[in-house]
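Chemist: All chains should be modelled from the sequences, with the hints used to inform the complete structure.
Residue numbers 208 to 456, in this note's numbering, belong to the letters of the sequence shown in order.
There's no promise every hint is true.
[To be verified] Computed cross-link-like contacts, SDA-like style, restricted to lysine to any residue with a CA-CA straight-line distance of at most 25 Å:
#	residue 1	residue 2
1	Lys252	Asp229
2	Lys272	Asp291
3	Lys348	Gly397
4	Lys252	Leu239
5	Lys260	Arg337
To be clear, the hints were calculated from the coordinates, so they are not data collected in a lab. Fair warning: this is a prediction, and the values are worked out from it, not measured in the lab.
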Amino acid sequence: MEKNEMIFGIRAVIEAVEAGKDIDKILIKKDLQSDLAQELFTVIKGTGIFIQKVPVERINRITRKNHQGVIAFISAVTYQHVADIVPTLYEEGKIPFIVVLDGITDVRNFGAIARTCECSGVDAIVIPERGSVSVNADAVKTSAGALLHLPVCRERSVYEAVRFLQNSGVRIIAATEKSSCNYTTVDYTGPVAIVMGAEDTGISADVLRICDERVSLPQNGTIGSLNVSVAAGVMMYEVIRQRMAEITE
208 MEKNEMIFGI
218 RAVIEAVEAG
228 KDIDKILIKK
238 DLQSDLAQEL
248 FTVIKGTGIF
258 IQKVPVERIN
268 RITRKNHQGV
278 IAFISAVTYQ
288 HVADIVPTLY
298 EEGKIPFIVV
308 LDGITDVRNF
318 GAIARTCECS
328 GVDAIVIPER
338 GSVSVNADAV
348 KTSAGALLHL
358 PVCRERSVYE
368 AVRFLQNSGV
378 RIIAATEKSS
388 CNYTTVDYTG
398 PVAIVMGAED
408 TGISADVLRI
418 CDERVSLPQN
428 GTIGSLNVSV
438 AAGVMMYEVI
448 RQRMAEITE
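Modeler: Okay, structure coming up:
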């Protein structure tokens, strides 16, 4: 972890929150109690910043300096919200092209997906606040810098984000091995969001249930699954193929 990515010490973290720093998450020692700690909790309340209470040993592994049981990690980018992105796309006359990542946890997969998103003209990536990778230095490096040029919408609920997209006229296409529908048979030429699930469990059941289409990629091998970043790339370039074909017709 780069030194400029984290702030440690209760007072320093309070000041960072009050200054409006883009904080990815805060690690707080379990059972942390003091007047200053209570001030920290008060400042954080309502900000939407992800807090994780952990054993002090975990914090000590990150730094041995006087952290006072608190470390804040600064995001490499300013997170946005899909509710702000989509109306702007329509106002600009664009056809929304969104990628929703439901529980991706491997930073290399995330970086690779982001790199393909930027190259294929995706308008924004949606990730959840919890149970997901975040935009840190490793992710930016793996994405070859793409994450510095691509809006990342960090939402409290993927389910609610998908519902908002649907209500905004965006069709939700889930890539899942649970479908027998070939991914090339679906129309991607209109406003569309592709949903990719976690590396081990796939798309969560509540999100999968409300998707407009479920598609799968044909596989002729024996292991039964593609790497999620590869599958995402195939899906994204099908969107490009169809949209380019429509233009030339």
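Chemist: If a hint holds in the structure, say so; if it does not, say that too.
Modeler: Status of the hints after comparison with the structure:
no. : hint             : verdict
1   : Lys252 to Asp229 : holds, 15 Å
2   : Lys272 to Asp291 : violated, 39 Å
3   : Lys348 to Gly397 : violated, 32 Å
4   : Lys252 to Leu239 : holds, 16 Å
5   : Lys260 to Arg337 : holds, 13 Å
In this structure, the hints that do not hold are numbers 2 and 3, in rising order.
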